[in-house]
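**Student:** Listed here are the chains, written in short residue letters.
There are 2 protein chains.
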Amino acid sequence: MNFISSYSTFIRNEISRLNLPDSPKNLYEPLDYLLSQEGKKIRPILTLLSAELFGGTMENAKHAAMAIEIFHNFTLVHDDIMDKAPLRRGKKSIHEKWNSNIAILSGDVLLVKAYEQLNLLKAELVPELLRVFNKTAIQVCEGQQMDMDFENKEHITEEEYIEMIRLKTSVLLGCALELGAIICNESEENRKKIYDFGVNIGIAFQIQDDILDLYGNPLKVGKQTGGDIIANKNTILSIIASNHANEKDLNELKNLKNLKNHQDKISRTQTIFNKIQVREKCTQVMQHYHTTAIHHFNSLNTSDISNDLLKLTDVLLKREF
Amino acid sequence: MNFISSYSTFIRNEISRLNLPDSPKNLYEPLDYLLSQEGKKIRPILTLLSAELFGGTMENAKHAAMAIEIFHNFTLVHDDIMDKAPLRRGKKSIHEKWNSNIAILSGDVLLVKAYEQLNLLKAELVPELLRVFNKTAIQVCEGQQMDMDFENKEHITEEEYIEMIRLKTSVLLGCALELGAIICNESEENRKKIYDFGVNIGIAFQIQDDILDLYGNPLKVGKQTGGDIIANKNTILSIIASNHANEKDLNELKNLKNLKNHQDKISRTQTIFNKIQVREKCTQVMQHYHTTAIHHFNSLNTSDISNDLLKLTDVLLKREF
Numbered sequence: 001m002n003f004i005s006s007y008s009t010f011i012r013n014e015i016s017r018l019n020l021p022d023s024p025k026n027l028y029e030p031l032d033y034l035l036s037q038e039g040k041k042i043r044p045i046l047t048l049l050s051a052e053l054f055g056g057t058m059e060n061a062k063h064a065a066m067a068i069e070i071f072h073n074f075t076l077v078h079d080d081i082m083d084k085a086p087l088r089r090g091k092k093s094i095h096e097k098w099n100s101n102i103a104i105l106s107g108d109v110l111l112v113k114a115y116e117q118l119n120l121l122k123a124e125l126v127p128e129l130l131r132v133f134n135k136t137a138i139q140v141c142e143g144q145q146m147d148m149d150f151e152n153k154e155h156i157t158e159e160e161y162i163e164m165i166r167l168k169t170s171v172l173l174g175c176a177l178e179l180g181a182i183i184c185n186e187s188e189e190n191r192k193k194i195y196d197f198g199v200n201i202g203i204a205f206q207i208q209d210d211i212l213d214l215y216g217n218p219l220k221v222g223k224q225t226g227g228d229i230i231a232n233k234n235t236i237l238s239i240i241a242s243n244h245a246n247e248k249d250l251n252e253l254k255n256l257k258n259l260k261n262h263q264d265k266i267s268r269t270q271t272i273f274n275k276i277q278v279r280e281k282c283t284q285v286m287q288h289y290h291t292t293a294i295h296h297f298n299s300l301n302t303s304d305i306s307n308d309l310l311k312l313t314d315v316l317l318k319r320e321f
Numbered sequence: 322m323n324f325i326s327s328y329s330t331f332i333r334n335e336i337s338r339l340n341l342p343d344s345p346k347n348l349y350e351p352l353d354y355l356l357s358q359e360g361k362k363i364r365p366i367l368t369l370l371s372a373e374l375f376g377g378t379m380e381n382a383k384h385a386a387m388a389i390e391i392f393h394n395f396t397l398v399h400d401d402i403m404d405k406a407p408l409r410r411g412k413k414s415i416h417e418k419w420n421s422n423i424a425i426l427s428g429d430v431l432l433v434k435a436y437e438q439l440n441l442l443k444a445e446l447v448p449e450l451l452r453v454f455n456k457t458a459i460q461v462c463e464g465q466q467m468d469m470d471f472e473n474k475e476h477i478t479e480e481e482y483i484e485m486i487r488l489k490t491s492v493l494l495g496c497a498l499e500l501g502a503i504i505c506n507e508s509e510e511n512r513k514k515i516y517d518f519g520v521n522i523g524i525a526f527q528i529q530d531d532i533l534d535l536y537g538n539p540l541k542v543g544k545q546t547g548g549d550i551i552a553n554k555n556t557i558l559s560i561i562a563s564n565h566a567n568e569k570d571l572n573e574l575k576n577l578k579n580l581k582n583h584q585d586k587i588s589r590t591q592t593i594f595n596k597i598q599v600r601e602k603c604t605q606v607m608q609h610y611h612t613t614a615i616h617h618f619n620s621l622n623t624s625d626i627s628n629d630l631l632k633l634t635d636v637l638l639k640r641e642f
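Respectively, the protein sequence lines represent chains A and B. Just so it is clear: in the first sequence, position 73 is 73 by my numbering, and no numbers are missing. Just so it is clear: in the second sequence, position 40 is 361 by my numbering, and no numbers are missing.
Since the hints were made in silico from the structure, they are not lab data. Heads up, some of the hints might be wrong.
What the hints assert, rightly or not - Now the in silico label distances, taken between C-beta atoms and shown as ranges:
(1) B:D404 <-> A:G55: 42 to 52 Å
(2) A:Q287 <-> B:K443: 29 to 39 Å
(3) A:K84 <-> B:E475: 27 to 37 Å
(4) B:L408 <-> A:L219: 27 to 37 Å
(5) A:K135 <-> B:R338: 10 to 20 Å
(6) A:F150 <-> B:N506: 47 to 57 Å
(7) A:A123 <-> B:T592: 55 to 65 Å
(8) B:N553 <-> A:Q263: 50 to 60 Å
(9) A:Q37 <-> B:L408: 31 to 41 Å
(10) A:N19 <-> B:R600: 37 to 47 Å
(11) A:S23 <-> B:N572: 24 to 34 Å
(12) B:N553 <-> A:S5: 23 to 33 Å
(13) A:E160 <-> B:N553: 40 to 50 Å
Here the structure is a predicted model, which is why all the values come from computation and not from measurement. Each residue gets a CB set at the ideal place from its N, CA and C atoms; glycine is no exception.
Given the sequences, and given the hints that come with them, work out the whole structure.
**Tutor:** Encoded structure:
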């Protein structure tokens, strides 16, 4: 995916030009640490590609892309506190390396910094960019709350789960793309289509993430498989399994949650999953969202459609099996 | 201060019209709980009075006032987590009544909601309102970080302490007033003067808060005096005391920090404070900022100066001795 690297280099270069102050050290060191990490920069690249698709340039769209990237990092910092995640991109998370208070406050500053970036765009576009960005930011918080609520919820339907991942992760992809379109003064119709493309790609991607956690090639995914089963995490796999299992298998799945032996837990859960054809059912759901996404993309009303966005999402959705 | 109550009623009415959604319950119930609490609503009233001073109306300025009020509540929610404060306005703080994760996320939503309010103002004013608001929001976070850093700092100068309270609490008062001026298309000069008025009033107010904690009338302040001494909190009193005490008194002040008997701790600390005339010195510092504030106010270039702002700040600074 070589064509992507020029875009991610562009974003990394913009990040290095942020010029964060040195003081207070405990506020800005964590931000520097986080923002300078490697990472695919998918979300800001979506904004850049969207602007280019609609006739704009990376230069026009760079502050919108940065707002998206900085907002995404804000969610990572606060989510990692809430999820007690010790690592992020293979490095200590901020609340681990410093402490929770510093992580809360650094996250807050990041959110404001995202708004600073939006305000660097053309003044007459700012209110509309702000409206879409605010709506998305609220939805991302709602999705994170739903995710936390699910931990204590007995029964989750497939629809509820999809709605949670739509809010928590997918709307930000839609927003990233729509900001690029707004910058190019695109029609409401095209804005809605590119947004829907992003949201559906996001849902497909998240479902694939769940599938890969169990069925991915460990060498390609870069971690041992079955982590979600060990952690008793709700995923599209566990939800589809619960909703299709007979009473006996359902009880077995419940009992397996308390099993201490990890390998045993994974393989016995997987045996039931296989019997119910969980992988196939989940792949169908993923493909449904992928197809819907492509449909929205193909219905865009533009004279000169570049495929770079489709190429990027293909790379994303064909990885690591 | 009866003229204030009509303004605070106006703000409370606006808050009740926010129409927060019901779901996710764990996200919006805490916000409803917090925003519907009583409170003096000083900050949003500053915005309304500033707009009226410069020829605008409450109606013009209401969304700016709400942005300030909601932002202030955001800082309370996150600060209370960081300070482990169990109570807020006499009621359980959000992280106590729910939990820290919910408090982090509710705070995040509040910050976005503040931006939503800003975006309800006249589109052509939004970029400038946003610029001032963002700058202030960053400074407030920096002030909170400085405050946390001070807990582990051996020696704090008077200047460092004043800078911390300027950032943590005073710039928001300046911003509240400046937003009112921006809405009325005021000159840069008047904007700067009303901002400086607010910042200096804020510093005076915070210094007075420190003085009242020890020297206030418990019946009027509504709590026992000496809480800051019991908690070994850095205040303008303790800092001025440290900077003016001789070596013997300085050692005594240090040793007193470990004293378990609260009454003894307060009275022996106060004896040293009195000897160094800490109260008088702090009152002088407070009066300096108050005088500076009045000077900025009086130099405003407007044809029709109402005193409501001065009346409000007089009420604030003459309370509870």
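**Student:** Each hint needs a verdict: does it hold in this structure or not?
**Tutor:** A quick look at each hint next to the structure:
The hinted window of 42 to 52 Å between D404 (chain B) and G55 (chain A) holds, with their beta carbons roughly 51 Å apart. As the Cβ distance of Q287 (chain A) to K443 (chain B) is approximately 47 Å, the hint placing it in 29 to 39 Å is violated. The hinted window of 27 to 37 Å between K84 (chain A) and E475 (chain B) holds, with their beta carbons roughly 33 Å apart. For L408 (chain B) and L219 (chain A), the hinted distance range of 27 to 37 Å is not satisfied, since their beta carbons lie about 54 Å from each other.
Against the hinted window of 10 to 20 Å, the Cβ-Cβ separation of K135 (chain A) and R338 (chain B) comes to about 19 Å, which satisfies the hint. Restraint check, F150 (chain A) to N506 (chain B): a C-beta distance of roughly 49 Å satisfies the suggested window 47 to 57 Å. For A123 (chain A) and T592 (chain B), the Cβ-Cβ distance of about 60 Å falls inside the hinted range of 55 to 65 Å, so the restraint holds. A hinted range of 50 to 60 Å holds for the C-beta pair N553 (chain B) and Q263 (chain A), which are about 53 Å apart.
Taking 31 to 41 Å as the suggested C-beta distance range, the pair Q37 (chain A) and L408 (chain B) conforms, at roughly 39 Å. Taking the beta carbon of each, N19 (chain A) and R600 (chain B) are about 43 Å apart, inside 37 to 47 Å as hinted. Between S23 (chain A) and N572 (chain B), the C-beta spacing of about 31 Å keeps the proposed range 24 to 34 Å intact. Checked against the hint of 23 to 33 Å, the pair N553 (chain B) and S5 (chain A) fails, with Cβ atoms roughly 54 Å apart.
Remark: the range hint 40 to 50 Å for E160 (chain A) to N553 (chain B) is upheld by a beta-carbon distance near 49 Å.
Hint compliance for this structure: hints 2, 4, 12 are broken, all remaining hints hold.
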